[in-house]
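Sequences listed follow chains R and C, in order.
Just so you know, the first sequence maps onto residues 1 to 414 in my numbering.
Just so you know, the second sequence maps onto residues 1001 to 1414 in my numbering.
Among the hints, a few may not be true.
To be verified - Here are some chain R residues the structure puts well away from chain C; computed CB gaps all over 10 Å: (1) LEU47; (2) THR83; (3) GLY219; (4) ASP227; (5) GLY389.
What the hints assert, rightly or not - Here are the simulated lysine-lysine pairs, DSS-like style, with alpha carbons at most 25 Å apart: (6) R:LYS273 to C:LYS1127; (7) C:LYS1009 to R:LYS9; (8) R:LYS283 to C:LYS1366; (9) R:LYS194 to R:LYS168; (10) R:LYS328 to R:LYS405; (11) R:LYS34 to C:LYS1100.
Rather than coming from a laboratory, the hints here were simulated on the basis of the structure.
None of these values were measured; they are calculated from a predicted model.
Note that CB positions come from ideal geometry on N, CA and C, so glycine has one too.
As a plain string of letters, each chain reads:
2 protein chains.
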Amino acid sequence: MKQSQLFTKTQKQAPKDEVSRNAQLLIRAGFINKEMAGAYSYLPLGLSVLNKISNIIREEMNAVGGQEVFMTVLQPKETWEKTGRWSDKVVDNWFKTSLKNGGELGLGFTHEESLAKIMKNYIYSYKDLPVFIYQIQEKFRNEERAKSGLMRGREFFMKDLYSFSLTKEEHELFYEKMKDVYMKVFDRLGMKEKTYVTISSGGSFSKYSYEFQTLSEAGEDTIYIIDKNKKIAVNKQDFNDEIIADFNLNLNKKDLVQEKSIEVGDIYSLGFKYSEAFNLTYKDKDGKDQFVFMGSYGMSPSRLMGAIVELNNDENGIIWPEAMAPFKIHLISLGQNEEAQKIYEELEKNNIEVLYDDREISAGEKFADSDLIGIPYRIVVSKKSLENGGAEIKKRNEKESRIVKIKDIAKELK
Amino acid sequence: MKQSQLFTKTQKQAPKDEVSRNAQLLIRAGFINKEMAGAYSYLPLGLSVLNKISNIIREEMNAVGGQEVFMTVLQPKETWEKTGRWSDKVVDNWFKTSLKNGGELGLGFTHEESLAKIMKNYIYSYKDLPVFIYQIQEKFRNEERAKSGLMRGREFFMKDLYSFSLTKEEHELFYEKMKDVYMKVFDRLGMKEKTYVTISSGGSFSKYSYEFQTLSEAGEDTIYIIDKNKKIAVNKQDFNDEIIADFNLNLNKKDLVQEKSIEVGDIYSLGFKYSEAFNLTYKDKDGKDQFVFMGSYGMSPSRLMGAIVELNNDENGIIWPEAMAPFKIHLISLGQNEEAQKIYEELEKNNIEVLYDDREISAGEKFADSDLIGIPYRIVVSKKSLENGGAEIKKRNEKESRIVKIKDIAKELK
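Here chain R stands alone, though its shape is the one from the complex (with noise of 0.2 Å):
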């Protein structure tokens, strides 16, 4: 894409009231738009960051035989009634509306009672189990603080997995599995290094659930390391004598290591929470009714949206990795727009992402608009750069630039 065209600019400064760094750097470099606290819109380059780190997720939900749907926002009063969590004093986020003809409704802060109740349509025998169904979308909650930019939304974006199994044998095979899945995404995310699987508190079913922190001094929560190599942490809140005989921890609490770290996902075994609520059953192989078992898996791409650019910047911007940031190359001509032209053209013939900026501005605003975007490689087209035999490529973590043959760009770059 030409950045002529492109209709977002960067901008000096970030909004007064905006207290986060990746907020700061995502409003100032043109990828989102802060609406009110905890509620940004996505414009061009944020939102295909947000979908590529989507449709990582997406990709890897598919792999464990994840099917996917898409929840309605507008959640009735009635189908949380049944497990007791329409009132405020349980769950104490919750966004409501009403219907114009009468009716109360809430905004889906989570999807459990929803899905539980669609799926006693579907399941009727244990043929019809284990299955995995997910979604992502914007989910709601009315949080009384949201200073964390993308990180804690009043209104973000969820990827939340479900699974129902036949017995709680079955859901542990594929809970454990989960812990494996969701370091595969970190990984490609570029955040594995950082990430630590935490022992929390359980939640309504079971004692402990797992959360997934990255170690960040922008995280909203502090872990206890516990083993730096398996990548296993405890939640400092949740930390207590009876985890460390639970989980046979060998470790002197003098030595331990705290740390601040953002929390990337969750996932939950909900047992028969939801099941028993909605008699969600199934005929097992002697035509008894047994319920569902059933878990649920958490991460948000927009909260890892901001985790990333709080974990990859510098002085001058955001450093986006490769795999989601929302071109490859920004090719930069310094008033040298027929060359330039040139490599842009190869370059998209060969369905290389590519930003092109062909504005007539300064070459020192040039290099800080790319600095603060933060795509991944920079070539810049110069008089002098042709005079040294071609375009000058440098990587936007690297000093260094070096010299590469107009001809051979697409090639060593593909």
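Following the hints, position chain C against chain R.
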């Protein structure tokens, strides 16, 4: 995909309160689930259709230079007070809610205000125009009645494009172009023959606007057909002598043919209404501030999905046109799973989308399901078909099948 893996099953009956034909069929065939009147969840088959329709629209919006964004559902009151549209007396179908820490919010039923506000960050000079921006996402309208299935939703998908032009003249060139773009989309969706460009009242800025109306008994609108060849009509509720004069319509009122129709799109000249409210201006060549001239262009992928079902069904079920069918081929094995499996693998290898009915149920049930789901091509592998030299191929909308050699199937259907 193997049908034994697909979690949805067909149902004999739709919910009793569902009166629309499109929703009845889509629910029974397992494409959608009814959460309440006007709000449906999309199950795997339905999400696939919705995505295919959305992608056709997306391609055509990109082809005219549209840049895709994703704006927030949550809309602060302050934004909408600028145009007076926060008032329930002006807009009678808001869903409203409020923030825990104070502040009223509405759920976006459209996004003119939101985008005009965003564009203030990006439009400065005449060089920044024209620009065309769109999104595909859910909208929320608190409809008193919602009885037309996917065709009138309280929560529904919308493609809304907004144009920002230098002048009325520049706007009108794009506005006229969009009429053709819309007809191209309807052509790709197999609806062009029945779709009329329809003159209707213009909203707040211009005297007239255009709707796109598709003939169907299931429609909520009525149009007068002005020119059957040129596909021009007038919305009955806006028809009067002034229209006859303004458009030079050469007609005899007594001869007018009246038809029921579904509104499948609308395009508006917004003029300066929103740019004045948000002081959205640009500097012209003389350095003088000028208001931006806006237009909006709506089209709902979910309503289109409902309309397509209304236009394409028979007593046995849906008949999907190929462009948005969830699969191209429904492969049915009647006790010949070994041969069918070979065909399945061959089709998948050739990237031909196939649903393979490998379930152990009767031939009658398989055929009934196949007709209800409505995939364009049906391939049956049975003892009889193999004796006759291959598999039976039949289109969903044809009665007669023919035998094709197994080795030729992929080649023939590619």
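For each hint, the structure was consulted:
1. With a least CB separation of 5 Å from chain C, LEU47 of chain R falls inside the 10 Å interface cut-off, contrary to its annotation.
2. With a least beta-carbon separation of about 16 Å from chain C, THR83 of chain R lies farther than 10 Å from that chain, consistent with its non-interface assignment.
3. No beta-carbon of chain C comes within 10 Å of the beta-carbon of GLY219 of chain R; the shortest separation is about 23 Å.
4. Remark: the non-interface label on ASP227 of chain R is consistent with the geometry, its nearest Cβ contact in chain C lying 37 Å away (cut-off 10 Å).
5. With a least beta-carbon separation of about 34 Å from chain C, GLY389 of chain R lies farther than 10 Å from that chain, consistent with its non-interface assignment.
6. Note on LYS273 of chain R and LYS1127 of chain C: the hinted pairing is violated, with a Cα-Cα distance of about 59 Å set against a maximum of 25 Å.
7. Between LYS1009 of chain C and LYS9 of chain R, the direct Cα distance comes to roughly 49 Å. Violation of the 25 Å bound is thereby established for this hinted pair.
8. With a C-alpha separation of about 23 Å, the suggested pairing of LYS283 of chain R with LYS1366 of chain C holds against the 25 Å cut-off.
9. Restraint check for LYS194 of chain R and LYS168 of chain R: the C-alpha separation of about 31 Å exceeds 25 Å, so the hint is violated.
10. Our distance criterion of 25 Å between C-alpha atoms is met by LYS328 of chain R and LYS405 of chain R, whose separation comes to about 19 Å.
11. With a C-alpha separation of about 19 Å, the suggested pairing of LYS34 of chain R with LYS1100 of chain C holds against the 25 Å cut-off.
Hints 1, 6, 7, 9 from the earlier list are contradicted by this structure; the remaining hints agree with it.
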